[in-house]
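**Q** Each chain, written out:
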Amino acid sequence: MKKKSIMEIITSNRFLQILLSILLGFLVGALFLVIMGVSVGDAYGKLISSVSSVKGFSYVVVYATAYIMTGLSVAFSFKTGVFNIGAEGQFIMGSMGAAVVGILLKDLPKPVLIPLCFLAAMLAGALWGSLVGLLKTRWGINEVLAMIMSNWIAFYLSNFIAGIPAIHHEGNAEATRTISENARTLFGADFRSKLNLAPTANWGIFVALAVMIVVWYIIEKTTLGYELKAVGANRNAAEYGGIGVNKSILTALAISGALAGLGGALQVMGMGGRISIFTGQEGFGFAGIVVALIGCSNPFGVLAAGLFYGALIYGGSKLTLVGAPTQLTSVIIGTVVFFIAISVIFERFGGGLRSRKNIAGRKEAEAKIASEKAGPDGNKEGPHGSENGKEDETT
Amino acid sequence: MKDFINSLGVILFATLAYATPLIYASLGSCFSEVSGVVNIGIEGMMTAGAFTGTVVAYFTGSPWIGFLCGGLAGMLFGALHALATVRLGADQTIAGTAINMLGPGIVIMIAYVLFNSTDTIPLTAEQRIPTLFKGVFNTETVFGRFMDNVFATYFSTYLVFVAVIIVWFVFYKSRFGLRLRACGEHPEACETLGINVLATRFKCVCFSGFLAGLGGACVTMTISNQFRPISIVGQGFIAIAAVIFGKFRPHGALIGCLLFGFCSGLKTVIGGSSGIDMQLISMIPYVVTIIVLILFVGRSRVPSASGKPYVKTK
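Residue numbers (our numbering), protein chains in the order written: chain A, 652 to 1046; chain B, 37 to 350.
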């Protein structure tokens, strides 16, 4: 066994490529800080210190819960070859579904109400996802277009529902009522203060972890997962192999929607408590796309990426304290994603490296054969072989 | 009748106001998509254009230099997208997502440096894109008011219709257009005919950024007069939707944008007069787009080679 060169290790290890991309993201971020005249140490110090305390980290986890869920939703759809740009709408529908149940059935006991809220959210999200699936499979409407439209329809629908008297805030707040205490997933006040956790710390993250394992299981260990992956890899081949492509797309979008919807529920039942009437989309779906990309559409990768994203968003919100704009985190994350996108160059470069080695190896072998053949024809073989070699290199 | 003509005038005014930036951006999207490069980074490129246009107009006092620089800023991000997707064979969706984060991130950081705020300073009337035919029509009469609403509009709106015609000619009547369409359908065949696929795509993605940048600049340099982080919220994605709606043809995208603009205009008029909830009315453009797709447009065929990085075979 010979030792691998650093380049070969990088080209063969996706994890290292991502770490390298993150490093480059922070480097570019530092560059911008220098240009702006803000101390890099101050800004990054603030970023790290704000997320490394127990309280800070509990905030990160609270933020990350929703990102992990939408990330899982997008990652799941990627496996089927569908780009779920509609996670935003599914998330909105899910959070509204949970909120409506949590407000209207406020007197139900906790063990009944919480599962009901989850169920409502998943149904609402799944409905929103399959609606797009239906448009695609029944009328052939491009899913990207349908999702962009359905995101905004969900957005206005949510605002509309928030305005209905039975749902709208009792006072003048431009929001829904606060959902029932029995529908909240917050940790007990004693527990929070004893561990010095954030006031919004909740057990939603454990739901997200469980869902992550379920998603991994479905994708890797079930027939359904196999079929979905087959459709994602090659639609025609899957169809030829007897897999109903339309049914798979519908299923994938419904599951994907349910995941994003559940994310919405965890957000409103944990952190939010109520839903505001917004003037612009909050971007949880978009965050999910980024998280899925950084996490390589792998459920465990999504967990790590969701925490990373949550840390940057929470840490970023503290940056103004040291005179650096919050948007620094957008630049860092954008750069990370950009380098992840172009990290295929590593593979191509690595491939080139290998094939060049092969050429060298073949030349050696040819030379060997030529010398073994040695005889009156040996001289003629030689130049012929080297000519071949030249061709390989130049073409 | 009088009321109807008045309302129609207001609706058409709003239609053009909503549609103009979308048309620029969707023309840009056409260039990129048809040449075979998916560009979901339009949104980020529009943001870059919106900011740069306003800032340059503010400092130079010339709306036209601002407008042009808005386009160039979009082009810069277009070049970045092209570098990743065309030259380095990156996944086009991932690279586009990165552009959508980098665009707003970078310009808002620059806004902090220049203005110590996320918003730019509002432009004066002279720094904004001028209007044409203002005061030409007699607004005392019903007809005059209608004409004033529809035609006394910003220069950029007139320009965009010229741009549609130019792009249409480039696409369907020029050699470059034939090549760019071919690159989106069958790059390997193009390469065998001696067309430089990578160079063609690179140019197209740059154009795409330029037009998206102009679209962004339209948003902040006409009716609205300053850049704010919420200036560009989803217009880029609507422009992409319009291109899919128009089956990847510039004139189809134009119709998509106008339909969308018209519905948005309708929204403003209905919203004022009827008792229907504003949130429900706001859904109209999106719902109508889907209904029209189901009833009249149907399947939109994506260019065959779209989304696949082209790697020169050796």
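Take these hints with a grain of salt, some might be off.
[What the hints assert, rightly or not] BS3-like mimics (lysine-lysine), calculated; alpha carbons at most 27 Å apart, straight line:
1) A/K898 / B/K239
2) B/K38 / B/K239
3) A/K730 / A/K880
4) A/K730 / B/K344
5) B/K209 / B/K170
6) A/K757 / A/K730
7) A/K697 / A/K880
8) A/K880 / B/K170
9) A/K730 / A/K969
10) A/K706 / A/K898
11) A/K898 / B/K344
12) A/K730 / A/K845
[Unchecked claim] Okay, the calculated bits of chain B under chain A, using three or more residues with CB under 8 Å as the criterion:
13) 53 to 63
14) 140 to 151
15) 252 to 261
16) 311 to 319
Because the hints were derived from the structure by calculation, they are not lab data. As the structure is a prediction and not an experimental result, all values here were calculated from the model. We treat Cβ as the ideally placed atom computed from N, Cα and C, and that holds for glycine.
**Q** Does each hint hold? Answer for all of them.
**A** Right, here's what the structure says about each hint:
{"no.": "1", "hint": "A/K898 / B/K239", "result": "violated, 40 Å"}
{"no.": "2", "hint": "B/K38 / B/K239", "result": "violated, 50 Å"}
{"no.": "3", "hint": "A/K730 / A/K880", "result": "holds, 5 Å"}
{"no.": "4", "hint": "A/K730 / B/K344", "result": "holds, 17 Å"}
{"no.": "5", "hint": "B/K209 / B/K170", "result": "violated, 35 Å"}
{"no.": "6", "hint": "A/K757 / A/K730", "result": "violated, 38 Å"}
{"no.": "7", "hint": "A/K697 / A/K880", "result": "violated, 42 Å"}
{"no.": "8", "hint": "A/K880 / B/K170", "result": "violated, 59 Å"}
{"no.": "9", "hint": "A/K730 / A/K969", "result": "violated, 36 Å"}
{"no.": "10", "hint": "A/K706 / A/K898", "result": "violated, 45 Å"}
{"no.": "11", "hint": "A/K898 / B/K344", "result": "holds, 25 Å"}
{"no.": "12", "hint": "A/K730 / A/K845", "result": "violated, 42 Å"}
{"no.": "13", "hint": "53 to 63", "result": "violated (count 0)"}
{"no.": "14", "hint": "140 to 151", "result": "holds (count 7)"}
{"no.": "15", "hint": "252 to 261", "result": "violated (count 0)"}
{"no.": "16", "hint": "311 to 319", "result": "holds (count 5)"}
In summary, the numbered hints that this structure violates are 1, 2, 5, 6, 7, 8, 9, 10, 12, 13, 15.
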